[in-house]
Amino acid sequence: MVAELGHFALVLAFAVAIAQSIIPLWGAHKGYAEPMRFAESAAMMSLLLIGFAFAALTYGFINSDFSLRVVYSNSHSDKPYLFKIAGVWGNHEGSMLLWVLILALYGALVAAFGSNIPPALRARALSVQAMVAVAFLAFILFTSNPFERMDPVPIDGTGLNPLLQDWALAAHPPFLYMGYVGLSMPFSFAVAALIEGRVDAAWARWVRPWTLLAWSTLTVGIALGSYWAYYELGWGGWWFWDPVENASFMPWLLAAALLHSAVVVEKRSTLKSWTILLAILAFSLSLLGTFIVRSGLLTSVHAFANDPERGVFILGILVVATGGSLALYAWRAPQMAPEGVFAPVSRESGLILNNLLLSVATAVVFIGTLYPLFVEALTDNKISVGPPFFNMGFSPLMIAILIAMPVGAALPWKRGDLPRVMRKLWTAAALSLLVGAMFAMWRTGGPLFAPLGIAIAFWAIFGVLVDLGERVRIGRAPASESLRRLARLPRAAWGQAIAHIGVGVCAFGIVGITAWATEDIRVAQVGDMIPLAGYDIRFDGVERTQGPNYRIDGGQFTIFRDGRQIAELVSEKRFYPVQRTQTTEAGIRASLVEDIYIVIGDKQEGGGWAVRSYVKPFANWIWLGALIMTLGGILSLTDRRHRVGAPNRAKPAGKADVVAAE
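Numbers in the working numbering are just positions in the sequence shown, counted from 1, shifted up by 19.
I should point out that these hints are in silico values taken from the structure, not numbers from a laboratory. Do not take every clue at face value.
[What the hints assert, rightly or not] Cut-off 20 Å, straight-line C-alpha distance, at most; resulting in silico cross-link-like pairs (EDC-like, lysine to aspartate or glutamate):
| no. | residue 1 | residue 2 |
| --- | --- | --- |
| 1 | 401 | 489 |
| 2 | 622 | 547 |
| 3 | 286 | 658 |
| 4 | 286 | 264 |
| 5 | 433 | 489 |
| 6 | 286 | 358 |
Here the structure is a predicted model, which is why all the values come from computation and not from measurement.
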């Protein structure tokens with residue numbers, strides 16, 4: 020009965036979304052207040068109805084209701100409760116329900132906290148948001164019903180994919196969807212602005228908080244997925260340029276560009292057309308990621324479905340949403356003339372360079388991800404585009420961004436003096452070169468580029484610190500005055516500085532693990548010593564134990580350095596009897612300097628076990644950098660200016676629905 024109520028709630032939510040997509044839009048066009056206010060009530064009702072449906076499905080998983088096909092296929096009575104709950108979104112149908120729940124959540128947040136937004140713009144944005152909801156609720160109800168029953172009812176389920184039975188993968192999809200789906204809100208505001216025909220500083224102020232929230236949660240989601248791949252899959256890597264990884268990375272890149280572009284619109288009333296385009300493309304790439312995961316194009320641990328018919332449905336949503344919004348953009352964009360004038364050397368130009376580099380980087384990832392799929396679709400020939408392509412095309416662009424980042428942040432608005440800015444940054448340059456030289460002496464044997472890469476990463480970090488010092492006049496004013504200035508810096512300025520530091524920290528970790536990682540692969544007998552990068556690793560044997568719903572073969576290892584024991588590690592091979600599947604849990608001694616990483620393989624016919632050992636320098640700086648970036652985004656989100664609202668919009672010369680002369 021609970022499942023039927025959940026299904027009925029989805030049907031009602033579908034009807035409410037249809038009404039929300041039509042009535043407020045008509046009311047905004049006519050200038051009628053009551054139809055516009057209907058958008059807020061409908062957004063709240065949609066959240067309640069979809070939330071109830073999601074709770075009903077969760078109830079089925081927790082109580083092991085195997086009459087539901089999705090529960091039977093993705094759960095088991097012996098599975099721990101955490102992974103029973105994670106099973107709700109660890110499948111195609113449940114993950115789509117989470118998708119529309121988060122979509123409804125963003126709409127309800129705008130309805131609840133958007134009182135400072137003009138009623139017409141708010142009504143139009145919520146109508147566009149509802150149109151997206153209509154499409155995906157139709158997809159769920161007609162092709163992916165999570166409440167489909169089975170008859171006869173099975174005694175037990177088949178269980179969740181063992182690779183997904185992990186805390187990081189339990190949290191990964193909700194955070195990823197908060198980012199993916201969250202980009203629908205800037206998209207809705209962009210389309211609403213195109214319909215209204217106005218993009219101004221106030222509009223940019225309203226768009227920034229939603230973009231910040233989406234970008235910050237997407238950062239967490241990507242970082243959790245990367246960390247899970249590092250310790251769970253047993254290959255010692257943190258990024259493989261997998262198409263599904265790329266599908267989340269591309270919207271993240273464009274969301275970062277959108278954040279910077281919206282600042283220019285807010286401060287200088289320029290880059291309006293570009294900001295609108297970025298908002299459209301960022302969400303379109305989120306839809307593309309949804310299509311890739313669910314179309315059957317890929318066989319991947321990330322993929323939720325292998326049904327081409329479902330893929331065609333999502334492709335239709337992608338074509339209509341992207342094509343329709345771009346057609347509207349083509350009609351309106353020429354009328355959105357920039358107002359601000361700026362010199363080639365200015366902060367505006369620096370942000371334009373930043374956005375160009377991020378956009379080209381996104382294009383590189385897009386081509387590398389989609390090209391093999393196009394070739395296979397057209398010729399039936401399978402090709403692969405691997406890390407060498409992405410590293411060659413993407414890395415130079417990221418290096419350019421890191422180099423330009425401190426310079427652009429230090430330039431003044433409208434017109435700047437580049438030699439003067441560089442004189443301010445000479446301390447950062449000297450310190451970063453010093454750090455690079457120290458690493459060249461400390462870490463020998465790696466690629467020649469590595470110390471330079473370290474210097475560039477620290478240039479980004481020191482550049483931020485020097486810029487903060489310049490803002491508060493450290494060394495040029497009394498200490499009390501500098502502290503007072505420091506305390507009075509807006510939270511958005513602190514957030515920007517912290518996020519940029521996070522980028523440098525992440526880059527440092529990437530250079531370190533790429534340049535100086537070492538590995539050893541061998542068949543080891545019990546008692547063998549494995550020398551690796553100054554460590555001695557003793558293989559002490561394999562012990563069999565029982566987990567909650569799996570059997571463990573745990574490889575026991577003791578780590579020595581200079582003859583002194585420093586750690587004991589256990590690397591596990593887990594066997595899940597329900598799915599008849601094995602997984603690997605790496606044994607990791609983690610630190611900020613380097614990780615010792617050991618994976619136990621299969622028992623060999625001639626005796627001994629396959630053992631892979633790695634030393635991964637500075638690996639954890641990658642995820643530390645992602646955490647710092649997220650903290651910067653959240654701190655910016657708490658800026659009082661986002662809570663209080665934007666300045667009043669200037670009244671247009673003509674009707675509200677006609678493009679204002681700019």
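Do the hints match the structure? See the list:
1. 401 with 489: 55 Å, violated
2. 622 with 547: 15 Å, holds
3. 286 with 658: Answer holds: residue 286 to residue 658 is near 16 Å, not above 20 Å.
4. 286 with 264: 34 Å, violated
5. 433 with 489: This hinted pair holds, its Cα atoms lying about 19 Å apart.
6. 286 with 358: 11 Å, holds
Checked against the numbered hints given earlier, the structure breaks hints 1, 4 and satisfies all the rest.
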